[in-house]
Amino acid sequence: MGAATETFYSVIRRQGITRRCFHKFCSLTATSLGLGPLAASRIANALETKPRVPVIWMHGLECTCCSESFIRSAHPLVKDAVLSMISLDYDDTIMAAAGHQAEAILEETRAKHKGQYILAVEGNPPLNEGGMFCIDGGKPFVEKLKMMAEDAMAIIAWGACASWGCVQAAKPNPTQATPIDKVITNKPIIKVPGCPPIAEVMTGVVTFITTFGKLPELDRQGRPKMFYSQRIHDKCYRRPHFDAGQFVEEWDDEAARKGYCLYKMGCKGPTTYNACSTVRWNGGVSFPIQSGHGCIGCSEDGFWDKGSFYDRLTNIKQFGIEKNADQIGMVAAGAVGAAVAVHAAVTAVKRLATKREDADHNS
Amino acid sequence: MMDAVAPASDARPDLAAIAADASGERAVGRPSVYVYEAPVRICHWVNAFSIIVLMVTGYLIGTPLPTVAGEASDNFVMGYIRFAHFAAGQVLAVFFLTRILWAFVGNHHSRQIFYIPFHRKQFWKEVLHEIRWYAFLEREPKMHVGHNPLAQTAMFTGFTLFVAFMIVTGFALYSEGQGIDSWQHKLFGWVFAIWPNSQDVHTWHHLGMWALVVFVMVHIYTAIREDIMSRQSIISSMISGERQFRD
Numbered sequence: 001m002g003a004a005t006e007t008f009y010s011v012i013r014r015q016g017i018t019r020r021c022f023h024k025f026c027s028l029t030a031t032s033l034g035l036g037p038l039a040a041s042r043i044a045n046a047l048e049t050k051p052r053v054p055v056i057w058m059h060g061l062e063c064t065c066c067s068e069s070f071i072r073s074a075h076p077l078v079k080d081a082v083l084s085m086i087s088l089d090y091d092d093t094i095m096a097a098a099g100h101q102a103e104a105i106l107e108e109t110r111a112k113h114k115g116q117y118i119l120a121v122e123g124n125p126p127l128n129e130g131g132m133f134c135i136d137g138g139k140p141f142v143e144k145l146k147m148m149a150e151d152a153m154a155i156i157a158w159g160a161c162a163s164w165g166c167v168q169a170a171k172p173n174p175t176q177a178t179p180i181d182k183v184i185t186n187k188p189i190i191k192v193p194g195c196p197p198i199a200e201v202m203t204g205v206v207t208f209i210t211t212f213g214k215l216p217e218l219d220r221q222g223r224p225k226m227f228y229s230q231r232i233h234d235k236c237y238r239r240p241h242f243d244a245g246q247f248v249e250e251w252d253d254e255a256a257r258k259g260y261c262l263y264k265m266g267c268k269g270p271t272t273y274n275a276c277s278t279v280r281w282n283g284g285v286s287f288p289i290q291s292g293h294g295c296i297g298c299s300e301d302g303f304w305d306k307g308s309f310y311d312r313l314t315n316i317k318q319f320g321i322e323k324n325a326d327q328i329g330m331v332a333a334g335a336v337g338a339a340v341a342v343h344a345a346v347t348a349v350k351r352l353a354t355k356r357e358d359a360d361h362n363s
Numbered sequence: 001m002m003d004a005v006a007p008a009s010d011a012r013p014d015l016a017a018i019a020a021d022a023s024g025e026r027a028v029g030r031p032s033v034y035v036y037e038a039p040v041r042i043c044h045w046v047n048a049f050s051i052i053v054l055m056v057t058g059y060l061i062g063t064p065l066p067t068v069a070g071e072a073s074d075n076f077v078m079g080y081i082r083f084a085h086f087a088a089g090q091v092l093a094v095f096f097l098t099r100i101l102w103a104f105v106g107n108h109h110s111r112q113i114f115y116i117p118f119h120r121k122q123f124w125k126e127v128l129h130e131i132r133w134y135a136f137l138e139r140e141p142k143m144h145v146g147h148n149p150l151a152q153t154a155m156f157t158g159f160t161l162f163v164a165f166m167i168v169t170g171f172a173l174y175s176e177g178q179g180i181d182s183w184q185h186k187l188f189g190w191v192f193a194i195w196p197n198s199q200d201v202h203t204w205h206h207l208g209m210w211a212l213v214v215f216v217m218v219h220i221y222t223a224i225r226e227d228i229m230s231r232q233s234i235i236s237s238m239i240s241g242e243r244q245f246r247d
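So the protein sequences, as listed, match chains S and U. Here the UniProt record's numbering is used: position 179 in the first sequence is 179, and no number is missing along the way. Here the UniProt record's numbering is used: position 233 in the second sequence is 233, and no number is missing along the way.
No lab work stands behind these hints, which were simulated from the structure alone. Some hints here could point you the wrong way.
Calculated pairs, DMTMM-like style, for lysine to aspartate or glutamate (alpha carbon to alpha carbon, straight line, at most 25 angstroms) [stated by the list, open to error]: (1) U:K186 - S:D234; (2) S:K350 - U:D227; (3) S:K235 - U:E71; (4) S:K225 - U:E242; (5) S:K235 - U:D74; (6) U:K186 - S:D219.
DEER-style ranges, computed between Cβ atoms [stated by the list, open to error]: (7) U:L128 - S:A339: 16 to 26 angstroms; (8) U:K186 - S:A96: 44 to 54 angstroms; (9) S:G115 - U:F118: 49 to 59 angstroms; (10) U:S182 - S:Q101: 47 to 57 angstroms; (11) U:L101 - S:M226: 36 to 46 angstroms; (12) U:G177 - S:Q101: 45 to 55 angstroms; (13) S:D234 - U:K186: 11 to 21 angstroms; (14) U:F118 - S:A345: 30 to 40 angstroms; (15) S:A339 - U:H119: 24 to 34 angstroms.
Ideal Cβ placement from N, Cα and C applies to all residues, glycine included.
Using the sequences and the accompanying hints, generate a full structural model.
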């Protein structure tokens, strides 16, 4: 890890592919894509000269579920992503080097690939007490993050932690855990939220960046459009049951067995942007709704603080006791209704009294 | 306040002698003023109807009806409810916009619900008077050609602001289904910059509905009450456009 800049060609050769085969591959690719006669040599040239993108992968306050998800990617296989597509120069969780040797790579990458490396951040920095709630290599993580962000080309914020704050930032957030985009404001940041994000979404983002040498198109909130522009609900295979008005009402009712819509069970699919209902999990085997449980909205901002995972309406804590919008609304409407009734009654009584008074005056 | 009409004495004179009815008793001629122009009235009733549809369907979207039996392809209950909600929402938006445009070309009463004259001392004095009237501290209500100052304040906040909020959050939520390349998202997607989690937008939209329920209750109650108590027509004015003074 670290050392000299590797090109794709050197990786290909290291994997035992001959130069002859390499050129065959290039011409075959050019032909099958219907490109002109010069294309084959251009492809070869690009692969021979283009350096693999160096990636520094850091861990703040997190649970490593993003890494766990990432290493299970099937398309592409994580082996290809890590060993061929990118040059993963630093990842303190899975790298062989340790201690000073490991930390030296950070300095080396900063110096050698200034403005060219990708900083992938899993987790987030806690800012309270000078950042002492997450010490990494003897220093607060927030310092390490700022240092490495300074010379990075772009930052990938892996998971709900780095994107939104996640559980450590849930109220009352004692460590003041803060998402990356609130700490680093001068670099392009791609948010890849989820707890964890889908493996193929993670490797998909990496593949896009290494293939095109630029960041994918992002939505208003900084998430790659290709994976986060639609809600789970929009592509859910149970959607026909929602439109028909067929809902699971209890976990063990007939509707649950028939696989009806989980809307009434608090499924957050209608408010959650992610690719679960299309890409699915574990190599496309299933996803939460398919296995009979509603979506908990793990890729959404502050999903821990939106009340129960099993309520359709959000609890609103500001009212002292936890109430949802309907309960608050009904109490308000009831109170106003009662006030109106009382006011009308008083009006009627007053009016009668005045009339009698007037009548007395006139007679 | 320019809209305040001096108690009836000066309006009464000879009008009373205009006509006699069949039983030979003299009818009372009543001065009336044209207040609500046709577009204002049409907008009022279309909006009222849309809001009722929106409230009922909106509530049913948040708390759906019991599960229906049979094939999913045979039923479209939620689909129809949502369609009615979206359709009524678009109608409301169009007529709300029309109403705003009319404020520019209509008479000065048509502008009343779009502002509160904060800077006018007289306005606040009359608000206080109206509050005292509703608190049973005044014997005689003042007469107003358009909305009384308290009503103007209530209309501006309870109707104009709340409905604008509902339209904006409503289109933002609608844009979620239309996709991020839709004009709805381009125009209203900024709502999600304020509340990144659409669940919060849903909650606020829901609370907005209840705020409008409260507004509607108070609106209807005061309209009926003033129609009876303040000796000027209120309810029929929104049909004919004429405000009659009955003293």
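Hints and how they fare:
no.	hint	in the structure
1	U:K186 - S:D234	holds, 19 angstroms
2	S:K350 - U:D227	holds, 16 angstroms
3	S:K235 - U:E71	holds, 20 angstroms
4	S:K225 - U:E242	violated, 55 angstroms
5	S:K235 - U:D74	holds, 20 angstroms
6	U:K186 - S:D219	holds, 11 angstroms
7	U:L128 - S:A339: 16 to 26 angstroms	holds, 20 angstroms
8	U:K186 - S:A96: 44 to 54 angstroms	holds, 49 angstroms
9	S:G115 - U:F118: 49 to 59 angstroms	holds, 53 angstroms
10	U:S182 - S:Q101: 47 to 57 angstroms	holds, 52 angstroms
11	U:L101 - S:M226: 36 to 46 angstroms	holds, 41 angstroms
12	U:G177 - S:Q101: 45 to 55 angstroms	holds, 53 angstroms
13	S:D234 - U:K186: 11 to 21 angstroms	holds, 18 angstroms
14	U:F118 - S:A345: 30 to 40 angstroms	holds, 34 angstroms
15	S:A339 - U:H119: 24 to 34 angstroms	holds, 31 angstroms
In terms of the numbered hints stated before, the structure departs from hint 4 and from no other.
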